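Chains as they are written, first to last, in the numbering used here: chain A, 1 to 130; chain B, 1 to 99.
Treat the hints with care, since some could be wrong.
[Claimed, not checked] Listed below are the simulated DMTMM-like cross-link pairs for lysine to aspartate or glutamate, each with C-alpha atoms no more than 20 Å apart in a straight line:
1. K35/B / D68/B
2. K3/A / E38/B
3. K59/B / E126/A
Since the hints were derived computationally from the structure, they do not count as laboratory data.
Note that the structure is a prediction, hence the values are computed from the model and not measured.
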Amino acid sequence: MNKNVGIVIVSHSADVARGTALMVEQMVGRDVPLGWCGGDPEGGLGTNVEAIMAAIDKAWSEKGVAILVDLGGAETNSEMAIEMLPESRRSRVVVCNAPVVEGAVMAATEAASGATLEAVRRTAEELTPA
Amino acid sequence: MSGVHAMDKLRASVLVRHEVGLHARPSVKLTKLAKAFESKIDLGLSPDGPWVDAKSIVKVMATKAPKDSTIYFRAEGKDAKAALDALVTLVNEDFPDGP
Chain A
1 MNKNVGIVIV
11 SHSADVARGT
21 ALMVEQMVGR
31 DVPLGWCGGD
41 PEGGLGTNVE
51 AIMAAIDKAW
61 SEKGVAILVD
71 LGGAETNSEM
81 AIEMLPESRR
91 SRVVVCNAPV
101 VEGAVMAATE
111 AASGATLEAV
121 RRTAEELTPA
Chain B
1 MSGVHAMDKL
11 RASVLVRHEV
21 GLHARPSVKL
31 TKLAKAFESK
41 IDLGLSPDGP
51 WVDAKSIVKV
61 MATKAPKDST
71 IYFRAEGKDA
81 KAALDALVTL
91 VNEDFPDGP
């Protein structure tokens with residue numbers, strides 16, 4: 001299971017995060033470790049560092065983890081979550097500069113072939129106009 | 001002397017019957033399959049290209065090949081023949097779900 005880069009989806013909305021994860025599972029398959037999180041415990045919108053760390057843990061692969069985020073806080077909290085990881089893992093987690101839904105599907109497609117973390121990130125970021 | 005040069009590219013073409021054409025899900029399947037082969041594989045919408053890398057999900061999806069269009073492959077490498085056979089079969093069988 002850990003032969004492929006893992007994908008983490010971080011959205012302000014639990015529904016967006018779950019829905020995106022479902023798209024990845026149905027379109028790409030289950031051979032990519034997947035974690036997702038979104039929303040606050042009261043059912044509102046938000047992201048938090050602890051949930052992101054748990055999602056990274058769930059999607060963990062020795063090849064690394066690529067995170068897809070939606071807006072502002074999702075990115076800063078993801079960066080904070082990476083900083084709080086054990087040092088041995090920190091350098092193997094990246095936040096992709098890509099749209100969350102499309103980026104997750106593209107990144108997972110790349111990851112499913114056994115690609116490196118850098119290749120997975122590059123594929124997701126191909127979607128972003130320079 | 002044997003060697004690989006431009007003339008050695010194998011070619012194939014196939015009609016896309018999928019109701020939505022080469023959109024998201026079919027593109028993912030095609031790309032994943034192409035990536036299973038070592039050969040360099042290109043995809044085009046005409047026999048003369050322009051060609052895109054069939055292993056690039058972003059580029060394959062961007063071709064937006066519509067239903068009833070013919071897509072063209074060319075491949076170069078040790079497993080080029082097997083790759084083209086597999087890709088043509090995938091499209092011919094209307095992108096069935098994998099095992």
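For each hint, the structure was consulted:
For the hint pairing K35/B with D68/B, the CA-to-CA distance comes to about 25 Å; that exceeds 20 Å, so the pair is violated. Using a Cα cut-off of 20 Å, the hinted pair K3/A and E38/B holds, with the two alpha carbons roughly 18 Å apart. Of the supplied pair hints, the one linking K59/B and E126/A holds, its CA atoms being roughly 9 Å apart against a limit of 20 Å.
Going down the numbered hints, you'll see the structure goes against just number 1.
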